[in-house]
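Which chain is which? The protein sequence lines are A and B, in order.
For the first sequence, counting from 1, position 40 maps to 41 in our numbering; every step adds exactly one.
For the second sequence, counting from 1, position 51 maps to 298 in our numbering; every step adds exactly one.
Hints are computed from structural coordinates only; laboratory data are not their basis.
By construction, the Cβ of each residue, glycine as well, lies at the ideal position given by its N, Cα and C atoms.
Mixed in with the good hints, there may be bad ones.
Stated by the list, open to error - According to the in silico footprint, chain A covers these stretches of chain B (three or more CB under 8 Å from chain A):
#1 253–266
#2 302–309
#3 385–392
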Amino acid sequence: MKKLTEQQIIEALSERFDQNKQAIEEQERLMEQLEQVNKKLMESESVKSQFLSNIRNEINNPLSSILGLADKLSHKPGDKEQVMYTSALIHQEAFSLDFQLRNIFTAAELEAGELQPSFGKVNVYSLVEGVIKKFDHLITKKGLSVEFKCTENLEFVTDAGMLSSIIRNLVSNGIEFNKDGGKLILEVSVEGGKKLKINVIDTGIGMNESDYNIIFDRFVQLETGVTKSHSGHGLGLTVTKAQVELMQGSVSVECIIGEGCSIGVSIPLAEKDDMHTFSDSGNVFFFDDEDEGEGEVF
Amino acid sequence: MPKYYLYPSTLFAQREGHMVTTVLGSCVAVCLFDETKRLGGINHYMLPFWNGNELASPKYGNIAIENLVKKLEKLGASRSTMVAKVFGGANQLNHTVGVGQRNIKVAQEMLEELNIKIVAKSVGGEKGRKINFNTSTGEVFMKYVTRQGE
């Protein structure tokens, strides 16, 4: 056995102490990360339960209104004007209920991993125009003017159902967070035949840059608590982002405080069956069947 | 046999046998197959762990693996007779360095925890993979594919 001088022993020991210290530091760092993740998960669970308790307001209340109003219509309809007024109220409540439920079901499908895009040629112009029409009563109520900038009969190969859901949520968001008498601008175009670009611009109060990502988190609304002035569960933009990503696209936000926000969506052209694209942290890759060799069997 | 193209962040398991195709870069696909019931399912996840912010979807490995096992069990499969084949997790771009490796690691760790044996795998490296999974035989046909663009 090799005899070590005292100096060598001290050096060896101090080296081991250093390594030990590093290991402890590394462990502490990992522990801190774990604690952070745990905290986030617990927060996430608590917002989920908050969401479940909010369901009473968001779903039960409109449903009770619909039942009450429908009952009134069948028993004491009143004159033509009153019937029209009551029917409009029923429509308004049912519309909001339908909107919320669709988002909840879509979120459930996305969480189950069962929402699968199905691509076909879509007349984007008519689709967007149709969605705007459906929100007519809310647009009128808020006194908004709508500007729809899109080439007539613009077509694009994409998933019509998902695109419709995306536009619905962007428009709803643009109305909800707009100021009374404001402007809602929808810009839709196809870039180089390969990319569908949608921008929905509102003239609301805007938000801080630090909140840009938060608005896409599930069940999160910037304004919370019982006094919050905006309806909804904070699921709309979460579902929107997930659907856009499922189609290999991306979302972006730009705001000016006091002037409004622009939420942008970019969706690439769906490829033919024999050539698929997929997104890898935001980059789209193209793969071809004929690429390399015979392959292997596992 | 019906064909099915599996998109990232989704999973597939049905009683009827399908040929499921998916293309992987740094993403990972776990193919599970119950050898007794002759029933299989597959996922395709992009990131290892759910961050607690977005939807708890199979975009994340820990959720994708757990959900796939549960879905197969609902269809009548049993965890004790399940085997796994794992593919993907390539390192493709500078800014995704480590994602592939972490995606592979979460599959290995979770399958070990679930007592599901990995009977075959082709993971890591630089190239993307295209796989065809026959859900009624458990066979996987794999080809390497090269990236044509970013």
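Now the hints, each set against the structure:
1. 253–266: holds (count 5)
2. 302–309: holds (count 5)
3. 385–392: As far as the region 385–392 of chain B goes, the hint holds, because 7 residues have Cβ atoms under 8 Å from chain A.
In this structure, none of the earlier numbered hints is contradicted; all agree with it.
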